[in-house]
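**Q** Could you build the full structure based on these sequences and the hints that come with them?
Protein chains in written order, with my numbering: chain A, 1 to 194; chain B, 1 to 553; chain C, 1 to 369.
Honestly, the hints are just simulated from the structure, not real lab data. Ideal Cβ positions, reconstructed from N, Cα and C, are used throughout, including at glycine. Hints may contain errors.
Claimed, not checked - The calculated lysine-lysine pairs, modelled on DSS-like cross-linking and capped at a C-alpha distance of 30 angstroms, are:
| # | chain 1 | residue 1 | chain 2 | residue 2 |
| --- | --- | --- | --- | --- |
| 1 | C | Lys72 | A | Lys30 |
| 2 | B | Lys426 | B | Lys168 |
| 3 | B | Lys426 | A | Lys88 |
Unchecked claim - Here are the computed distance ranges between Cβ atoms for each label pair:
| # | chain 1 | residue 1 | chain 2 | residue 2 | range |
| --- | --- | --- | --- | --- | --- |
| 4 | B | Arg182 | C | Leu106 | 31 to 37 angstroms |
| 5 | C | Glu59 | B | Ala67 | 42 to 48 angstroms |
| 6 | B | Glu393 | C | Glu125 | 43 to 49 angstroms |
| 7 | B | Asn75 | A | Val99 | 23 to 29 angstroms |
| 8 | B | Glu393 | C | Ala57 | 33 to 39 angstroms |
| 9 | C | His204 | B | Gln457 | 56 to 62 angstroms |
| 10 | B | Arg182 | C | Thr99 | 40 to 46 angstroms |
| 11 | C | Glu59 | B | Glu279 | 54 to 60 angstroms |
| 12 | B | Ser158 | C | Thr136 | 46 to 52 angstroms |
To be verified - Some but not every residue of chain B turned toward chain C, in silico, with C-beta under 8 angstroms:
| # | residue |
| --- | --- |
| 13 | Ser41 |
| 14 | Phe42 |
| 15 | Asp44 |
| 16 | Asp47 |
| 17 | Asp48 |
| 18 | Arg210 |
| 19 | Ile214 |
| 20 | His215 |
| 21 | Pro225 |
| 22 | Ile226 |
| 23 | Asn227 |
| 24 | Glu340 |
| 25 | Ala341 |
| 26 | Pro493 |
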Amino acid sequence: MQTNLNRRKFIGGLALAAAGGVASGVGGAKLVGRLGRAPEGAWRVFTPDEARLVEAVAEQIIPADRDPGAREAGVIYYIDRQLAGPHKRFAAKYRAGLVCLVQTSQAVFGKPFEALDWADQTRLLQTLEANKAPKNIWTKPSASEFFGLVRDHVMQGFYGSPQHGGNRHYASYKMLGLEYPRVIGQNRYPAQTG
Amino acid sequence: MANQHVNAVVVGAGAGGGVVAKVLSEAGLSVVLLERGTWQSFDDHTDDELISQRTTVLGNAYGPDDARYRRVCENPDGSTRIVLPSEGGYNNVAACVGSGTLSYGAMAWRFMPQDFKMRSTYGCPDGSTLDDWPLTYEDLEPCYERAEWEIGVAGDDSTNPFAAPRRKPRPMPAFPYNKEARLLVQAAEQLKWHPFPVPMLRNSIPYGGRPQCIHMRSCVGFACPINAKCGTQNTVIPAALATGHCELRTNAVVSEVVLDERGHARGVRYFDSHDRLQEQTADLVVVSASATETARLLLNSKSKLFPNGAGNNNDWVGRNLQGHAYCGAEGLMADEIYEEAGPGACVAFSDFNHGNSGLRGGAMLCNEFIALPYLYTGIRPPGAPRWGLAHKEFQRRNYKRTIRVKGPVQEMPVFESRVRVDPAVKDHWGLPVARLSGRRHPHDVEIAKFMVEKAAQLLRATGAADIWTSVPGTGGPSGGQHQAGTCRMGNDPKTSVTNRHGQVHGIDNLFVADGSLNVTNGGFNPVLTIMALGYWVGGYIAKEWKGGAHFHA
Amino acid sequence: MPEQTQPTSGKDRRSRYTGPAALVAVFMLSTVLGGIGYFELTPSEKTCISCHEIIVAYEQSTNSVHRDVSCKECHGHSADSMHAVRENAKRIFYHLTETRHDNIRLSEEQVVRITQACRDCHEREFAHWQQSGHGTNYAGIFLDAKHNRTEQPADQCLLCHGMFFEGKMADLLTPLDTKGPWSFKKPETATRPVIPCLACHQLHAHGQPFRRAAVVQARASAGTNQPAFRRDTLAFYVRQEGAHFAIDDLAVPKIVDRGRAVKVATDPRQRLCTQCHAPNAYGEAGTGDDRTPTGVHEGLSCAACHAPHSNDARAACALCHPARSSCGLDVRTMDTTFRARASKHNIHTMRCLDCHPTGVPKRASQASH
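**A** Structure, rendered in structure tokens:
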């Protein structure tokens, strides 16, 4: 009788183990999506605020008219992706420069950059380009250095190959009337069918 | 396991090294060719403008990579900055089999006879080390011919009265003029200039078992998708390997030339693909690593008899770093001149290489290679907006109607423009990196100003409007992808590094066979001359070897 | 009795541990089975997208023409093979280590597997494709000695047939010369298709599912250049970018015929064909692999005559002839490459003047046009 009780306890234990296992399996599976750090936004390097600001600057640098501008071409994705890659060495300068830009906009206009009207934004960026921005804010990097960096990256993201994140739907190549992508034929073969 | 001793080790599988490897292996020497890069081709980066060898904002397509390499540049005020290979000022040359000849624009110029006799022709200006080469154009002519036929050049001199004399024509007919070139030809006729097709190391007909050019828009800075561009990697290097006497080792970064206590080269040490230090002994060593790297290698190869670097007892290794002072004119045409068929540059003028009153030398002028979209964002008249709607409108309106004529002005070599080795900064392998310093000679800018006036005159005659010109600045040393001059040839060991055979003074079995040898750099792209020097130096070694001289100490 | 309180035999020791061991084993086994069961039985809306990395692909697919198809139909189940389990484990690892991958691309093996998945529903299209010229495999293209002797194998070849190959030409074939004999570096490459479904179709893209009524309407106006019916998945896989580009994003090629600009159809589907059937750099009609119609068929889209997957054009004449033709004759009997391949008059380039050099003769009864 002792062994019968043991066996029943054992089988009961197995059943418990099985049930517990399934439960933990299902529970664990449900949690898979919640492993690790969830990103704040779609960005690798930028915070959503920084991304919004850079996008506004980018749109000033290449505005939309009858052809797409930097925003529509997705230039911000180029900049963000490269800052996590080959342009990693510029990430600190970007961060610092964006902080200075925020401060400059507040100091000069009393409003954040995204809230300024178009002409004021242009004027502010022109002072950055000419290095005439308040020197007490722009210690490192200099205003013109920061602006030059952003300007170059926006141009790359707009006119470069889409595989790097920008130039969505070949926007700039279409604007310039270029034939992309291009495969150039070599020899002519006799037609196989009529 | 130690490497087997060979007859020759060649450092660098580029324009010079590839040729030397072939000449030596065909002469029966056993050759090890060491290359820091690997075999690369079009598929590695296809036609990506941002990662090419011309526009390197996201890295160099064919190396060197930013992770493992760096150099130091001295600013005019004496401060220094560390420069990555993809940044301006680095003086980059591709790190792959074939080096720049994989991805270059492939202009295939012979220098003119006067280019070898600059001092005799013009006298030396103050502050320059302008000198004659210890060999003449006539000496090198057979080597030019070999390069043209064995590697493959397309061109036609019949309308160029300034062309250097030749025994044999080029193997392939010239490329046709494009729309832009035809306008320039018409304009040149008014001015009584002498247009002719730019000679190219590209197949204008099937040649060498490879097809003819399909006229990619993206050519200069890119590898060819069908191998119609002739470089050492698809001509002489495979030929060298086919002899059975040549072994190519890729991912081999040479750290020093090993010299014994009698000042005789024993071989080289290098890091292999797993970063392990290896030694390759040889009867002779040929260094063809580019003007910057060859000088750096010699400087890093110290020994008892040469405490300041191999061949450097007179402090001439690394000196006279030069390139070309590029300048030119750009203008806007009323109608579109753009053609989908590339690569652009096809007509040239040698009217102003020499004989310019009051100036020493000059440059050839030619229409430029097609500017790809991102490069074009920087092509604007001075003072034009560099961003914003106006910039975008300029791009949209003028991308297909901009005409550009440029020329590589021959520079006056400056002793203080030099490659040294930095005392502190090291690369991935722990080797001291190159340190670049100096500034160009003011006469370069004088010549450039003259040249851009000529270019502008030509553009005016085509009917271009809004013409603007650009001359180079004076800050920083020259060099770039046309780098040359750092181990110049000469008859006097006190003012040169090698003799007229590329043999390092005082080290009989150490040779240099790349652009470092150039005393002056011509008013032309230098690659064909470097290939010719490969045949020249390789030919001398092979002849001596067959005659019994095995360069033993 | 002292002997009974201390187990001395190995058998006793074993039986002491088998119990707990069995419990642990059952627990672990059920954990695994429970987890797998959860992924298998729960719909993809809850499971596949539990990882944020998938959200973009999921959003595209639920707005795509395949919105009614579950992820698992094409991508397989999470544990249906060791490969799948390994891949998923890798994904969790990358997620935890925050490894970022740009331009995540399908491996060629996955592309070929997807082609098989397409066949499960699109049997007819698959069969048509497989019998057509585009259904060829690597051996058919790269071991063609006559072709290799005229065109040295090079990287450019991969742009059109071999676009998903992972590697360069030097990794695929040896030797890279015009002498041969040629062989693949990996023999199993030989039977892989070179132009799979994904060459022309992008699945994770916004689009409307196929509706039969629209097709009937479109077919009624076929044979012209009216914006005909086109599938929203049509996109060309650009190897250089590692991505698909919708046909509206592709450029209309500029073709010239002896100096004259050729009228090229504006039908976006034509741009898909001309990506590979391309002329030389000058855009000259008839050069390279160009088949842009000049002559009597100038201005027509490829899709006006060539069926999409079989590329067969034998049945297309009736769409226009004799109703819309200039002379009312049975064009299928004329001396053209339709009737006989050896004919000098190619359908794509022929003109009336080719056969009537002094002018087209008048007929007693002419069909009006």
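**Q** Among the hints numbered above, which are violated by the structure, and what are their numbers in rising order?
**A** 2, 4, 5, 10, 26
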